[in-house]
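So the sequence lines, in the order shown, correspond to chains A and B.
Read in this note's numbering, the first sequence has 444 at position 444, and its numbers run on one by one without any break.
Read in this note's numbering, the second sequence has 555 at position 6, and its numbers run on one by one without any break.
Heads up, a few of these hints could be off.
Unchecked claim - Simulated DEER-style distance windows between Cβ atoms:
1) B:580 <-> A:482: 35 to 41 Å
2) B:580 <-> A:321: 57 to 63 Å
3) A:263 <-> B:566: 24 to 30 Å
4) A:321 <-> B:579: 51 to 57 Å
5) A:163 <-> B:558: 38 to 44 Å
6) A:154 <-> B:566: 34 to 40 Å
What the hints assert, rightly or not - Simulated coverage check for chain B against chain A, where a stretch passes if three residues somewhere in it have a Cβ under 8 Å from a Cβ of chain A:
7) 557 to 566
8) 572 to 584
Treat the hints as calculated values from the structure; they're not laboratory data.
We put the CB at the ideal spot given by N, CA and C, even for glycine.
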Amino acid sequence: MHFGLLDWSITLASLAGTVWIGLLTRRHVGRIEDYLVANRGMGVYVGTASLVSTEIGIITYMYQAQFGFLAGFSAFVVGLITIVVCFAVGRTGFVITPLREMQVMTVPEYLERRYSRRVRVLAGLLMAFGGSLNLGIFPIIEARFLTITTGIPPRYVAWTMAALLLIALVYTALGGMLSLMVTNYLQYVLLAAGTLIVTAACLSRIGWSAMTGAVLEHMHGRGFDPFADLGVGPAFILWQVLLWVAFMTVWQSTAMRAFSARDAATGRKVFTLTSVLFLGRAVIPMAWGIAALAFFAGRAAPAAPVPGEVPAAEMARVDAELATGFRPLLDQGRLEALLPRVERLERLAEAERSEPHAQRARALREEIGMVAMPWMVASLIPGGWLGLVMAGMLAASVSTYAGYFLGWSAVISQDVVSPLLGRELSPQGKLRLTRVTIVALTAFIMVWSLVYEVPGPAYFYLQVTANLFMAPTLLTIVLGLYWRRASALGAYACFILGAAASLAYLLPGLGLSVGAAGNLSWGLALLGLVAGSLLRPGRASRATARGAA
Amino acid sequence: MSWLILWAIVFYVSVASFALVSALVAIGGFREVRELFQALAEKMRGPQ
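For reference, chain A alone in the conformation it holds in the complex (with noise of 0.2 Å):
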């Protein structure tokens, strides 16, 4: 651990200048617009610095090193269907032209328009519970890339992740938009170079090879071919591209973006340019998570089986020593004692067709492959370089937590608070309640963060947490769009319907796989919307369809 004066001063200084900028921002905001929206402001690098550094938080490298180091190579499809989802949207203007046309300030606000308050409620509070769920696991899993990174004791970490939430919380109160878009540009500046001193790190002390060997050597014939692989697969495949298409255009911190456009055609190339960083977003941190794999399995030793003992037996014997030395050898970062142990457990436990033990080495496996990324970086980066990076991770973490406590308070306090308190707030109350709804967003997070333990790769828990109100939400919009007889019927049924299936995945006890979960909440949001709309259509013009006054 060399995480120095040098280190730590960088990453002070930088937090301090964003927070000194972020303030700065504050006395140029006065009513709603300026404060959610930027008073319909932002330019494309600008909106493309703020969007892309809402949306990588140190939580972003964690879980896609996670992937990578699980599925290998084939984690990189998802970048692929990133950059083809993304470019598309930007081009054609899907959904997002529409709405910001319509000058919505939340997603919602439209299904207000198109059907009736009550769906405007029924999707705030979905995407108000999701996405709290979803940014709920954001500390927990960050506090553990900071105490490895940093040597922060694990006592300091729960104060640690408060203050950075306190960071983000007073410049996003105060400052809204405005104050996000500018930090934001800042803080994208600081991520890019963390990313690519960690990315060069990786290709020169690692290398590209010893990555291909250890995926070769260390997943079993898995980690190249998607379509093959388990825990990828068709059925993962198919829901990631439909996730992703909802999350380019109905995800509240995403589409917010493109409401703050100076317009709609800035909005499109804003999405465009996104789309080549939203492919670094996913692939670059996979590829660390690959190279971790190369750089502990590269120093372990073989498991030596105990001359004479029958697999069963040996299989209880590594499973109890793994019951017993698999936390402390974790907490130290020695992941080379660890990894052929668990490799060992997964052998045995193939070979002697025993669930339960294959069970648990997966989530050794996963638990391993959570912290192997944060090891390495403390290990592969000398000091003064650590400290731009972690300035950049940081900043990359602080943003996120600002984007996010902007969008999803934006739909608690819009689309759920003052709809059921059924009268229009003067713009000052809609302010003050937009900041008391932050406030309690990261009380929330602060508790669902230490008694919550995230089930199966933290990848899916965050997926499934998202597809539970964005399949309804995108289903409902474009079909509200598109079909005059979509109703308000079809639309609580595709909403119900819809997060229940998702919730499944959460239930361990129904064992659906994530891919399931997740194209089962889409054929059912479906299913739902359609039903209810025939059972009792709607009456929409062409003009309400297309949110029209």
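Given chain A's structure and the hints, the job is docking chain B onto it.
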């Protein structure tokens, strides 16, 4: 083309395009932030 070659191309294209577009965003973004603040300052000075 094997999967290995495809993933190598995807990785190197990702890194190169990330670096290039990041440089573009850094330069273009600086100009836009300056213009944004100028516009906001003019708006605040103007009649309410």
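- prompt: Hint by hint, which ones does the structure fall short of?
  reply: The structure conflicts with no hint, since it agrees with every one listed earlier.
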